[in-house]
Amino acid sequence: MNDENTNSQGDDMSTSTPSVLSSVAQNRAAHHEANSAPMGSGLEARGVHAWFGKHHALENVSLDFNPGTVTALIGPSGCGKSTFIRTLNRMHEFIPSAAMAGEVLLDGKDIYSSGIDVTQIRLKIGMVFQKPNPFPSMTIGQNVLAGLKLAQLKHDNKEELLEQSLTRAGLWNEVKDRLGVSAGGLSGGQQQRLCIARSLAVNPKVLLMDEPCSALDPGSTLRIEDTISELSKTMTIVIVTHNMQQAARVSDYTAFFLSDGGPGQMIEVGPTSEMFSRPRDQRTENYVSGRFG
Amino acid sequence: MSSAQVTERQAPPAKREITTLPRFSDRVFRGVVSLMSMSSLVILSLIGIFLAYRGFETFRSQGIHFLTSPDWLSETDASGKVIYKFGMSAMLIGTLLISIVAVIVGVPLSVLAALFLTFYAPNSLKKFFVTIVDVMAAFPSILYGLWGFFVLSPMAEYWAKLINKYFGWFPAFHVDDPSFNSSPFIAGLVLSIMIIPIVTSVSREIFSQTPLDRIQAAYALGATRWAMIRTVALPFGASGIVGGAMLGLGRALGETVAVYSVLNIVYKINWHVLYGFGGNVASMIVSKWGEASFTEAKALLAAGLVLFIMTLLVNMGANSIVTRTIKSGR
Amino acid sequence: MTNLEASAVTPLTPWKATLNQRLFTVLLLAVAIALSYIVVAVTPMKGKLAYAFLFMLFSVGFQATHAGIKRGRTAAVDAIAGSIAVAGAVLVFTPVISLIFTTIIRGSKGLRVNTFTQTMEHAAMTDPISQGGLLHSLIGTLYLILIATVISLPLALLTALYLTEIKGRAAGFIQFLVQAMSGVPSIVAGVFIYAALLLTTSLHGSTIMGALPLAILMIPTVTRTAQEVLLLVPQDLREAGVALGATQWKTVATIVVPAARSGLITAVILGIARIAGETAPLLFTLGVSDKINWNPLNGGQSALPYYVWSGLGLGSPEAIQRAWTGILVLLMIVLVLFTAARILGREKK
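Protein chains in written order, with the working numbering: chain G, 4 to 296; chain R, 634 to 963; chain S, 595 to 943.
Looking at chain G on its own, in the form it has when it is part of the complex (with noise of 0.2 Å):
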């Protein structure tokens, strides 16, 4: 049973990968010609594995972001998603014995080659976590330009930027009058739509967002998904979700991870209309249709 699964995923990732590869492309084209604004930066991974001192916890895995997409990584815990994610912005070597394969190409350049700064790198390539994690000793305000003072970055017009960010993270409304406050107040939902705002004062052109409404209600959980899709209209967002309802509703393309026991994979790749109605492979079938996981 083992060996057969091992041997059609063999085969399928090397017919079916270039047909998505392609498909996606021809879909690029379509979107860039439907919205001429500027949007986010395109990134590239390329054959990208990852470890954790012997354990290889990631294998192999390519794949295309769009400028201006949405993507969204699904499969069960322990697939490895969020460790690629964290292989798209340099966050993964902070795991002291990590290491990683590959190339990540960011506008066509390797993020990891030797020359490069890794802070601009972050600068460019925004993140959001699981967990609401707001600076304590910082008001709402100061949170929000945390990231230019981290950063030493100069702005013009701080309060634009201010009010910009947090509207753009639709916190602006709820926040506005109690920009001096601690942002220990914030509900939890806030506090994300907060660090989404911090993420987005640096302007990066990619957001990548690790479950970033695994720790809340689901009321704060669809205005992330509203921000999200009112993001993507200027920058290009990785999403990380273990619940596959948010895939649906908030992304372009759908990519399903999977390990069978062994590192993680990267099973199929698509649109994501396509993925949830009629998935290539047979695992990916099972899973969108809650068979496992």
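If you are wondering where the hints come from, they were derived from the structure by calculation, not from laboratory data.
Among the hints, a few may not be true.
List of simulated lysine-lysine pairs, BS3-like, C-alpha gap at most 27 Å [unchecked claim]:
no.	chain 1	residue 1	chain 2	residue 2
1	R	K798	S	K664
2	G	K179	G	K152
3	S	K610	G	K208
4	S	K664	G	K208
Here the structure of chain G is known, so what remains is to put chains R and S in place on it, guided by the hints.
Same frame as chain G, but now just chains R and S:
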């Protein structure tokens, strides 16, 4: 029918008290352990009571002068009566001065070392270094005294000259004549090394509890390591570092042997750290003990009480700050 | 096929410095060293301090400039901060190395066979080091350690048990007191014993009197380490014991304490290391002896720290040599104890 329901609702079942007595052996066990755990209270109280009891006479005869006068001497007046003058202000000021030097030099170094260990050092180096710092804490204080006298003092004397040459305009660095050896500065340097282990380990423990999600948030916003430390780790650890520094101060206030070994103890107020004389309360007790009369010995015990209260207050403050920081995990 | 492919891929850590970058750093440091030599040679600055200062200045400056050119101002600031942290660690490290090496080098000069076989009964501290030895002080120190441990261990262990097993109403308060006690200066413990037991009584300094302040100093160290170790014993074990119908006393005595045994030994060793080198309290309570005194209750005693102290106080070359040798022996005892505690502590984890 409904009334029955109402009465039932009005009288919820009373909570049952568990009245079973523990077995006899357990009662004995709990009793003995609880009693023995009071030993720290008993010991601390006894220290306070005995020193106060023995020192009472001195407090009464010297009054406030015990704390405010710098003279520590016994004279025989014309009629052959012995007059005792016991004042510890010179020693109190000396204690303060030496401890301030120790804290100013030792705490920044310790915090830097803790930052290095938590955020910079590779794992192997970190383990080695942590062991070194722990070993430092176990070095006998007489070793610091010996080393301070023979190795550090000659070097520190030269440093003191340099400081005096370039910063002599600053009142604390002034000297009346070029006597730089055995100064409070040198004693403070020795103490600064002695307080490094405790301040480093407290700071390191607090830095290592910096919430990972906040560290990641900073890095994900494009922070360099230093920007992360400045905006996340230092604000998080600030009060803990203050607590650690106070613990170090507590150690510095009560150190005896190392200070006695390197310092030229003179019963005169000296505010100039680089100038070659000074003293502290603990080393005064040792230096006067040998030839002390019964009356003077009691005065020294009173000085011991002052030292005890001083260190106890500083330590209690420090511990409550450190415990609060570690528990709250802000 | 994919598996084959995977095994061909080697894990990389592109975020770590490459060989070239490391070489470049070494080069920068080498240039900094060379420059500091040159500057010391051509300017009136002199001495180790000048070398160290200039080297710091140059190496930090170079690294910051390099980072600044390559990655901008924030990177330069980051490089400076990083170098300062490293410098801080080095400055903490240097005195330790100096302490250990000075002690070994100066102390070993005075090591003779008679150092360990003779006492000072027929020799003075100022006599040539071929005469007399520190045997009596070594025995005195071991005696003090033994008695202080016997007194403090039960009190410390029971206090730790109160804090971890009984968790009584006063637990917070006791914890606070134990912490406060760990800050009591050693000299205060010494004068306290003097004030309480020696000042107005007919008693004189003796081994037991010397051990009392040491016990006071040892209690908090042992209590706190023992408490940490007992907290590591899984709660399941306690529940398993009680669920078998054992009393709490039996559970603690037969399950909890044995489970934490090696950790508790570590606690005692750390406590001993804390007091073995204490000098100040002994000056008030130990009395003096220049020969072996086996009677703990009567007559003065000697101890290694006291031996060092008197050597330092006399100041003649021979006496100073004896002090260094004494401190070497004392340091070795402390280091052996410390290593033993480490090894036992590691087994636990």
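Status of the hints after comparison with the structure:
1. K798(R) - K664(S): Cα-Cα ~40 Å, so violated.
2. K179(G) - K152(G): Cα-Cα ~21 Å, so holds.
3. K610(S) - K208(G): 26 Å, holds
4. K664(S) - K208(G): This hinted pair holds, its Cα atoms lying about 22 Å apart.
Comparing the model with each numbered hint stated earlier shows that hint 1 is the single one that does not hold.
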